[in-house]
Amino acid sequence: MTHTPLKINELLAALQTNIAAAISTRQLSNPLMIGIHSGGVWVAEAMHRALAIKEPLGLLDIAFYRDDFSQIGVHPNVKPSQLPPNLDGRDIILVDDVFYTGRTIRAALNEIFDYGRPNQVLLAVLIERNGRQIPLAPDCVGATINLDTGQRIKLTGPQPLAIHVETVAVAVS
5 MTHTPLKINE
15 LLAALQTNIA
25 AAISTRQLSN
35 PLMIGIHSGG
45 VWVAEAMHRA
55 LAIKEPLGLL
65 DIAFYRDDFS
75 QIGVHPNVKP
85 SQLPPNLDGR
95 DIILVDDVFY
105 TGRTIRAALN
115 EIFDYGRPNQ
125 VLLAVLIERN
135 GRQIPLAPDC
145 VGATINLDTG
155 QRIKLTGPQP
165 LAIHVETVAV
175 AVS
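Residues 5 to 177 (the numbering used here) are what the sequence shown spells out, left to right.
No wet-lab data here; the hints were simulated from the structure.
Treat the hints with care, since some could be wrong.
[Stated by the list, open to error] List of simulated lysine-lysine pairs, DSSO-like, C-alpha gap at most 30 angstroms:
no., residue 1, residue 2
1, K58, K83
2, K158, K11
3, K11, K58
4, K158, K83
[As the list claims (entries may be wrong)] Computed spacing ranges between beta-carbons, pair by pair:
no., residue 1, residue 2, range
5, N150, N34, 34 to 44 angstroms
6, T21, P164, 18 to 28 angstroms
7, G106, N34, 25 to 35 angstroms
8, P89, K58, 13 to 23 angstroms
None of the values given here were measured: they were computed from a predicted structure.
Yeah, the Cβ is synthetic: ideal placement off N, Cα and C, and Gly gets one too.
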């Protein structure tokens with residue numbers, strides 16, 4: 005496994021700048037920030053502090069909303085989501101660590117809409133990488149990276165928070 009370090013502080017600063025600009029441009033009023041377990045929660049905690057969001061941070065575990073649930077089976081560390089009981093009319097900032105295929109975000113939106121119909125959802129991700137499979141895209145990113153087959157991004161944390169590119173074994177047919 006090869007590890008290429010990325011500059012986490014620069015990525016977080018870029019994401020913070022982009023979210024702050026989007027809050028202003030889209031006129032988000034008293035937004036609720038929601039982090040997706042687990043890496044998205046770590047990034048959301050940093051953004052929540054940096055942007056001085058007033059509402060408590062929401063936590064989302066999308067394990068039961070994934071479209072590959074039957075393939076991956078029950079995940080032993082499923083945690084309950086911690087969201088306000090009604091999201092009707094709320095402005096939401098949804099945060100994840102890596103945007104890859106779009107499937108995690110699709111699952112997160114499905115769960116959010118089970119809690120109500122938000123006014124708008126702003127999607128913020130630390131890293132957007134190539135490989136999209138669903139027609140979704142983030143509104144705010146810390147960086148966009150193209151990876152080769154057999155590479156993935158790994159976020160570790162929460163303290164210290166670090167991110168790197170790993171090379172994984174690719175099955176040969």
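Checked hints:
no.: 1; hint: K58 x K83; result: holds, 24 angstroms
no.: 2; hint: K158 x K11; result: holds, 13 angstroms
no.: 3; hint: K11 x K58; result: holds, 28 angstroms
no.: 4; hint: K158 x K83; result: holds, 21 angstroms
no.: 5; hint: N150 x N34: 34 to 44 angstroms; result: holds, 37 angstroms
no.: 6; hint: T21 x P164: 18 to 28 angstroms; result: holds, 22 angstroms
no.: 7; hint: G106 x N34: 25 to 35 angstroms; result: holds, 28 angstroms
no.: 8; hint: P89 x K58: 13 to 23 angstroms; result: holds, 18 angstroms
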